[in-house]
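Protein chains in written order, with my numbering: chain A, 1 to 148; chain B, 1001 to 1624.
Just so you know, these hints were derived from the structure itself, not from any lab.
There may be inaccurate statements among the hints.
[Said to hold, decoys possible] Chain B regions said to be covered by chain A (calculated; three or more residues, Cβ under 8 Å):
1. 1070-1081
2. 1149-1163
3. 1175-1184
As the structure is a computational prediction, the values presented were derived from the model and not from experiment.
Glycine is no exception: its CB is placed at the ideal position from the N, C-alpha and C atoms.
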Amino acid sequence: MVLTHNYFVKTIIHFCILVISSSSVSAVEKPYAPENIPGATRVSAEAVVDLILSNSDLIIIDSRKKTEYLKGHIEGAINILNTELTLDDLETIAPDKTQAVLFYCNGARCLRSSDSIDKAVKWGYRRIFWFRGGWEEWTEKRLPVISE
Amino acid sequence: MRIESLSIKAVTVVIFAMIGVVAIILSLFAGTYFRQAALDAQMNSLSRVIEVASQEMLKEVKAFTFDLGMKLAHSERLAQTLQGADKSVDQDQLVALLDDPFINGFVGFSKINLVKLRLYSLDLELVSESSAGIGGLAKHLSEYLAGTVVKRNKTDRLKAVDALWMSSQGPLYSTLLPLGGLRQTGYLEVIIDPAFNLPGIGKITKTPISVFSLSGAQISTDERDGANHYLPVEFTMLMSDGEPAFRIVGYEDVDKLNRSMGKTQLVTTSGFLALALGTLLFALWLFNRFLFIPVGRMVQDMKQIADGQLDLTVNKKGLREISVLANSFETMADQVKIRTNDLERLLDLDDSAILCFGHDTEAVYFNKVAIALFAYSDNEISALDLGDVFSEDIVQLMKTPAPSNSLVQKHTLTTRLSCTRKDGHVFKSDAVINALDIREGVGYAIVLNPIADGKDDLLADYVVSSIEKNEQRMHAVEQSLNSILELARGNRGLESASGDNAQPALPGRDTEGDKCLLREQAVNVMRSALACWEHDLEKTKLDLAEESRIWPVYIDKSTPTTRTLDKYLNIDSCPKNPRSQRVIDTAEFVLRQLNKRTTIGRKKLQQALDDFRLLISGLSKANK
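Chain A extracted, bound-state conformation (with noise of 0.2 Å):
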């Protein structure tokens, strides 16, 4: 009998591990970035190639890691990790507020350009394009790109 409910409650003890774990497990999912951000417009893969053969001005900004950068990025883009943007960085690259600046970084799974964004919206950049789909979208479609 003393058997039987020890072995009760080791059963019981090992669901809640399993259910605690499983729950542990979900929650250190990696998050998707916004639909949208206030501030930002979002744009496709097309929509960039058109910016960028139609606005010779558009300042491209990579917040990926270098190595990834290096690996391989959009023709003209700057590297500038998200967690490294200060004002006086961007101010150095785009003077002008007003001046368009695009965002990209991995995808959708990816916060980084959207916490540039952030910042940028928040120093009072007025034309920002954000690259949602990234490097993922960009690669998957088969655009050109550069490789150091």
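For chain A, the structure is supplied; the task is to place chain B on it using the hints.
Chain B only, in chain A's frame:
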């Protein structure tokens, strides 16, 4: 083989054995079918796996060609040279630039087999191509690639496009990229030989594969040991335009599956066999316990009773039907016993000495007068035969033509015999010898009337003056015998009705009287038919109903009965308007079954049938 020669036991065993064999055959069939189904499923799976693996291989190739193409496409030297390509010097430089990867290599050089690099203008005109690599290619872009690019709008043309296409050298794989990056100046085509990468499919699927061209030439060979264990699974790799490019044959190792299926088949077949055998044995035990043994015991008892041991009882232990059957048979045996006793008593009352001998000439019955006359005890009679009590050869006597001074009838001989008593004293006696048709052959009933010669006082007591008187007594005995036999075969109600049977068919009776007479005659015919059926053919009333198909058989509480037929055996229960044709049909059926056998019963039946027909004929004439 006649059905009568088969026993229930044999039939049951054969049926169960057949079921067992069928079960085994079915299990073998099922095993083969399941194996084929498993192989088909495995083939489909592997075919799908090869398809996915080939797509994976192309994806890997695509990545290498894209990387190589992008590096070249962003080459400033190439872009600058292309802009001045109309000059002959620039053409050489272009060729040299395009040959560079063949000479100096590139990232992923060992992963793909680069066969050509070609440059096109924005209008898809061939500008230049590498001198290295294969030759003999057409001087234009493949139709599939050209068609795809033309359909695209300006932005989409910046996207790289891939195609597996058929060249004059065989299937080739191309990646077409924009030259000059986003500010496009032309196109670069990276062409590789996909056959170089096809063996990699085997590494992905982890199965040996062989690649064949469409002409059947083997492009790559597999490394297999024990090819018999492998199941070939074919997959056709298609080009971008949907035409077949390569035939890839994967070899699935089915040895394990075969072993597993063999084991399953063995287990299944053994299981079926064991199950069938177990069921057979259990069923046989049940049949044996509740059917074969009780029936066997009953048959044994019935045989003994039929042999004359009427004191025996039938073993009733068994299922309900067997018990009912045993009870019925025992009742019948009791009836026979009672009637036999009646008959023996009647025979004992007769003044004549009556002796009965069986087909083997052994004594069967002596009446009391005969016992006294020959001075044997009851126990000694069974040891006697004809030769012990008569000097004449009775058997021979019955076979020889009758002498002129003897009164001979068919089966009957009236003569004088020399009789020998137990003490050896010989005396003469008038005798009527009657040959009897019995089951085993011919028996003899002998009625003796000793002749008093004045010397023997004992004999003088039994002398009867004339042969005619002997005959009268013989007839009386026969009549009594018939009467008793009929009583034995009929039911109790017969006695009351039997007196009416003797009524003659009187012409000119009223309608009610005619009907009554008709009923009596019908009952008489039916009784005679049944008596003949039971006595001469040794079958039951139920058999008569079933075999003739004239009378219905009812099942009453699992016991078959012949209610309608029974009504015609008793004047009280016989319908007021009896079905004459049924009665005639029954009588004729019994006569047919008797074939050419001549018996007392047959004679009676024939006579009753003739009388019945005569009555019907008379009635119909009177009605007219």
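request  = Quick one: which hint numbers does this structure break? Sort them smallest to largest.
outcome  = none
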